[in-house]
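K.L.:
Sequence order for the protein chains is D and H. Residues in the first sequence are numbered consecutively from 1, following the working numbering. Residues in the second sequence are numbered consecutively from 1, following the working numbering.
To be clear, the hints were calculated from the coordinates, so they are not data collected in a lab. This structure is a prediction, so every number in the text was calculated from the model and none was measured. Glycine included, every Cβ here is placed at the ideal spot set by N, Cα and C. Careful: at least some of the hints might be erroneous.
[To be verified] Subject to a maximum C-alpha distance of 30 Å in a straight line, what follows is the list of computed BS3-like cross-link-like pairs (lysine-lysine):
| hint | chain 1 | residue 1 | chain 2 | residue 2 |
| --- | --- | --- | --- | --- |
| 1 | H | K78 | H | K110 |
| 2 | D | K277 | D | K493 |
| 3 | D | K276 | D | K330 |
| 4 | D | K330 | H | K49 |
| 5 | D | K381 | H | K110 |
| 6 | D | K118 | D | K276 |
[As the list claims (entries may be wrong)] Pulled from the structure, derived: some chain D residues nowhere near chain H, Cβ distances all over 10 Å:
| hint | residue |
| --- | --- |
| 7 | K53 |
| 8 | R238 |
| 9 | I257 |
| 10 | I306 |
Here are the chains, one letter per residue:
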Amino acid sequence: MHFPKEPAGQDRQQPEAAPNIGTRWSLRTTFRIAAVLLFAYGLGPAIAYRLLKRAEDDLAKAFQRDLTFLVELPPLQGYVRETDLYTAQFLATGDRAWLNHRDKTLERTAECLGSVLKAATGASIERGMIVELERMLKTHIAEQDEWIRRKSSGRLTATQAAVFLSKQRPLDRLVEMVLQIRRMNVQDLNQRNLAVRRSSIAAFWILISAIAVSAVLLILIFMKFLIDPITRLADYARGWDFDRPWDLRLGPAAPEIQALHARMGQMAQRLADRYKKEAGLVSLKSSLISIISHEFNNALSVIQGITHVLEETEGEPYDGQRRGYYEMIKANTRALALEVSAILNMGRLESGRLAFRYSAVDPVEIVEESLRKLRILHERKKLKISIDTTEPSLRVRADREALMLVSTNLLTNAIKYTPLDGRIWITFTPSGERLDRVRAVFEDSGIGMSPEDVRRALSGYYRTADGKKMARGFGIGLSLTRSILAQHGSDLKIETEQNKGSAFSFELPRWDEERDRENGAGDRRSPTAAG
Amino acid sequence: MNLPSSAQKARLLVIDDNREFLSAMDAFFGREFEIAGFDSGAAFLRNPKLFRPDIIVLDVDMPERDGFSVCRAIRRRKALSRVPVLFLSALEERTEWERWRDAGGDAFLKKPFDLPELRETIRAMLDSRRIRIDPRTGAG
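The following block holds chain D by itself, in its conformation from the complex (with noise of 0.2 Å):
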């Protein structure tokens, strides 16, 4: 209607601005990228928390391994220097008992070595030192395997049994090797406890930039695109006026926000227009109550100056004068009673309470009745008035009191106009195609109005500035008369020329007796207000 279309309206008041990500996404794709950022502000810590747990399981199997090598390398040499007792004891008296208690041994030891070599998982320096302790272990065990072959055999004398006993000394290398074990584990595990430590340190900064970083995108992307616009937006509002358009650049926003911002374009321009509309209203009314109180104070001082003057003169021989006065009275009491009558039909008009009842009306009769009412206006001023119609029997379909509003409207314009002497013509004529129209014509020999008169005349309220001159008026005589022919379906048309004279017309409906007795007669409705 009286708006731009959509939020293109708004969109071509502003140049096109660069092409900006933040005015493609919609609330629903930043509500997304937020959530996406949550998400890793969650994984941050989950990847922290993964890496200290791996540590820990690193450390706390270290630990289990290292607490296997202490508790199982100790007895792993008690089994060795065993075994080697049992050999030497059997080497030296042959006794079978011995070797059961070496197989026993030899039994424990495997076992242990096992459970050593089980802890000293993957391909570790420990693990092949324990591989080395164990193969060195075989061959110590398969030498005097050997020595044990050859006893039992028979063929070990005693000085050889001394000599392989005497060159026995495969201890003091394995001591050795499991001191340097621990050692190594002990090291080791200072290592784990550090790399611990530094995994811990490692996901606590993970952490904290995994959150610095989701918190920093998150604020700058709910910054650019919702709340700044949101406050401009709320700024502009706050600053904005019924008489200023309506002309934020919003800069990038979500399209949500966008629509907002056009929407309330739309609702600033809507508002501005009923502002306008308002205020203009108002100062048509303050100034026709102006151009009433003018009027209606010059006729009532006419009116209280004559009473006075009569009252002087009172008792004093007629001469004539008196007439005039009484004259006076009577003429500016009608010119008041008829003013107030055309306000309180205006204001009837507008507010919808003027109902009409449409019937067949003669319009020479209702001119004849207003000419009756305004007798002593124009009697006044000695003009002359002629009614001429072509047809004796002309009727016309019409409300009978609007049209005589409308009679009476005309020729109190016509006489008010009109200079002294002046002249007065009402024709009505058939009209139309198939000649089933009347046109109504009320001309006279008055001052005439400028084009500029009669745009403004039919706009509303309005009077003409020589009319002014000439005789008191309202301009709201015009006004009602238009909003009765609107409800007739007519309209007033002006013709004039300034000095010469005026002619108003208008045309109504002929009566036609067979269409309109059916519908038409007894119609009352209502009218909408006259816009």
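Model the placement of chain H on the given structure of chain D, informed by the hints.
P.N.:
Quick look at chain H alone, frame taken from chain D:
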């Protein structure tokens, strides 16, 4: 020279765009004063020598040139600079006070007025004019 004597009627000039009002003023004061009515300031100022008023009654609300402006034009003419001017207006006197004083007016009456009040005001203004001018003419 234009000084009204008791034997001579004082001259009252009325300027009002409403002709009905001009004839009413004639009815009000025709017996007492010599009256001339004009429907605009311009109509009078076109040939001011035709009528030398002792007092001027001016309507304020007139089209084209309002009463204040007409009063200023009258005051610029040497012969008329001292003639008392009474303003008549439908406007409130209080709000217009400064304007009519500035324009060179001597009194202000609100329409609709009471005829005795208007008559009294006009008489008082004529009297004060006589008092003001008498000593000077006596001296000259």
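K.L.:
Each hint needs a verdict: does it hold in this structure or not?
P.N.:
Status of the hints after comparison with the structure:
1. Proposed proximity of H:K78 and H:K110 is supported: the alpha carbons are some 28 Å apart, at most 30 Å.
2. Pair hint D:K277 plus D:K493 holds up; C-alpha atoms about 26 Å apart against a cutoff of 30 Å.
3. Between D:K276 and D:K330 the alpha-carbon distance is near 42 Å, which puts this suggested pair outside the 30 Å criterion.
4. A distance of roughly 37 Å separates the Cα atoms of D:K330 and H:K49; the hinted pair therefore is violated under the 30 Å criterion.
5. Simply put, D:K381 and H:K110 have alpha-carbon atoms about 29 Å apart, close enough for the 30 Å limit, and the pair holds.
6. At most 30 Å may separate the alpha-carbon atoms for a hinted pair to count; D:K118 and D:K276 exceed this at roughly 95 Å.
7. No beta-carbon of chain H is positioned within 10 Å of the beta-carbon of D:K53; the least distance is around 90 Å.
8. In this structure D:R238 is separated from chain H by more than 10 Å, as the shortest Cβ-Cβ distance comes to about 36 Å.
9. The Cβ of D:I257 lies farther than 10 Å from every Cβ of chain H, with a closest approach of about 50 Å, so its non-interface assignment holds.
10. With a minimum CB-CB distance of about 6 Å to chain H, D:I306 fails to clear the 10 Å threshold, and the non-interface call is violated.
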